[in-house]
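Asks: Sequence:
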Amino acid sequence: MQTEKQKTGKWGEDIAASFLVNKGYDIIDRNFSIHKKGEVDIIAWHAKKYFGKTLCFIEIKTRGSSDGSAERSVGKKKLQSLFFAANVYCNWHGIDVDRTAIQFEQVSIYFMGGKMDIRHYEIPMG
Numbered sequence: 631m632q633t634e635k636q637k638t639g640k641w642g643e644d645i646a647a648s649f650l651v652n653k654g655y656d657i658i659d660r661n662f663s664i665h666k667k668g669e670v671d672i673i674a675w676h677a678k679k680y681f682g683k684t685l686c687f688i689e690i691k692t693r694g695s696s697d698g699s700a701e702r703s704v705g706k707k708k709l710q711s712l713f714f715a716a717n718v719y720c721n722w723h724g725i726d727v728d729r730t731a732i733q734f735e736q737v738s739i740y741f742m743g744g745k746m747d748i749r750h751y752e753i754p755m756g
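Residue numbers (my numbering): 631 to 756.
It is worth saying that the hints were derived from the structure and are not from the lab. Among these hints, one or two may not hold up.
Pair ranges (Cβ atoms, derived) [to be verified]: (1) 638 to 663: 28 to 34 angstroms; (2) 632 to 730: 32 to 38 angstroms; (3) 660 to 727: 19 to 25 angstroms; (4) 717 to 631: 18 to 24 angstroms; (5) 634 to 731: 20 to 26 angstroms; (6) 721 to 745: 22 to 28 angstroms.
In silico BS3-like links for lysine-lysine, alpha-carbon gap of 27 angstroms or less [as the list claims (entries may be wrong)]: (7) 666 to 637; (8) 637 to 708; (9) 637 to 678; (10) 679 to 635; (11) 745 to 667; (12) 635 to 678; (13) 708 to 653; (14) 745 to 653; (15) 707 to 640; (16) 707 to 745; (17) 706 to 637; (18) 683 to 635; (19) 706 to 635; (20) 745 to 706; (21) 745 to 683.
For each residue, glycine too, the CB sits at the ideal point set by N, CA and C.
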């Protein structure tokens with residue numbers, strides 16, 4: 631049985647997936663997990679302006695207020711687990727990380743008062 635938090639998270643991931651598909655993303659996997667060491671909510675290919683076909687690892691956060699808490703919740707530890715899971719995913723699927731453009735992204739979904747605000751970010755790798 632799912633908790634309310636899990637239901638909200640699943641709902642947010644479904645909204646984000648639709649949002650990304652409408653922006654031209656080709657979703658190839660969802661909820662890729664490495665037994666408590668890392669997880670990626672959505673993995674997709676997308677044609678980026680400067681890099682062409684890019685493999686995107688996307689973190690989704692859903693909140694009930696627009697206070698920026700979704701963005702703040704992705705800190706150093708979460709990024710490390712995201713990078714770890716992405717690396718494992720590439721290894722398991724034979725993706726050459728030296729020859730493949732890779733982008734880490736976040737979609738924050740805020741839902742309050744019957745209104746939805748979707749924010750999409752590319753995560754800098756520095």
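Asks: If a hint holds in the structure, say so; if it does not, say that too.
Replies: How the hints compare with the structure:
Residue 638 and residue 663 have their C-beta atoms about 18 angstroms apart, which leaves the hinted 28 to 34 angstroms range violated. Between residue 632 and residue 730 the beta carbon distance is about 34 angstroms. The supplied range of 32 to 38 angstroms therefore holds. In this structure the hint that residue 660 and residue 727 lie 19 to 25 angstroms apart at CB holds, the actual value being about 21 angstroms. The hinted window of 18 to 24 angstroms between residue 717 and residue 631 is violated, with their beta carbons roughly 33 angstroms apart.
Taken as a hint, the range 20 to 26 angstroms is violated for the pair residue 634 and residue 731, whose Cβ atoms sit roughly 38 angstroms apart. At about 41 angstroms, the CB distance of residue 721 to residue 745 disagrees with the hint of 22 to 28 angstroms. Taking the CA atoms of residue 666 and residue 637, the gap is near 19 angstroms; set against the 27 angstroms cutoff, the hint holds. Between the alpha carbons of residue 637 and residue 708 the distance comes to roughly 21 angstroms, so the proposed pair stays at or under 27 angstroms and holds.
With a CA separation close to 32 angstroms, the supplied pair residue 637 and residue 678 exceeds the 27 angstroms bound. About 36 angstroms separates the Cα atoms of residue 679 and residue 635, which puts this hinted pair outside 27 angstroms; it is violated. A hinted pair counts as satisfied when its Cα atoms are at most 27 angstroms apart, and residue 745 with residue 667 does not qualify at roughly 34 angstroms. For the hint pairing residue 635 with residue 678, the CA-to-CA distance comes to about 33 angstroms; that exceeds 27 angstroms, so the pair is violated.
A threshold of 27 angstroms between alpha carbons decides the hint, and for residue 708 with residue 653 the separation of about 25 angstroms falls inside it, so the pair holds. Of the pairs offered as hints, the one joining residue 745 and residue 653 holds, with about 20 angstroms between alpha carbons and a cut-off of 27 angstroms not exceeded. Proximity of residue 707 to residue 640 is assessed by CA-CA distance (about 22 angstroms); at most 27 angstroms being required, the pair is judged to hold. Distance check on the hinted pair: residue 707 and residue 745 sit about 31 angstroms apart at the alpha-carbon level, beyond 27 angstroms; violated.
The hinted pair formed by residue 706 and residue 637 meets the criterion: a straight-line CA distance of about 25 angstroms does not exceed 27 angstroms. A hinted pair counts as satisfied when its Cα atoms are at most 27 angstroms apart, and residue 683 with residue 635 does not qualify at roughly 34 angstroms. As the CA atoms of residue 706 and residue 635 are separated by approximately 22 angstroms, the hinted pair is consistent with the 27 angstroms bound. With a C-alpha separation of about 30 angstroms, the suggested pairing of residue 745 with residue 706 is violated against the 27 angstroms cut-off.
A C-alpha spacing of about 33 angstroms is found between residue 745 and residue 683, which places the hinted pair above 27 angstroms, so the restraint is violated.
In this structure, the earlier hints numbered 1, 4, 5, 6, 9, 10, 11, 12, 16, 18, 20 and 21 are contradicted, and the remaining ones agree with it.
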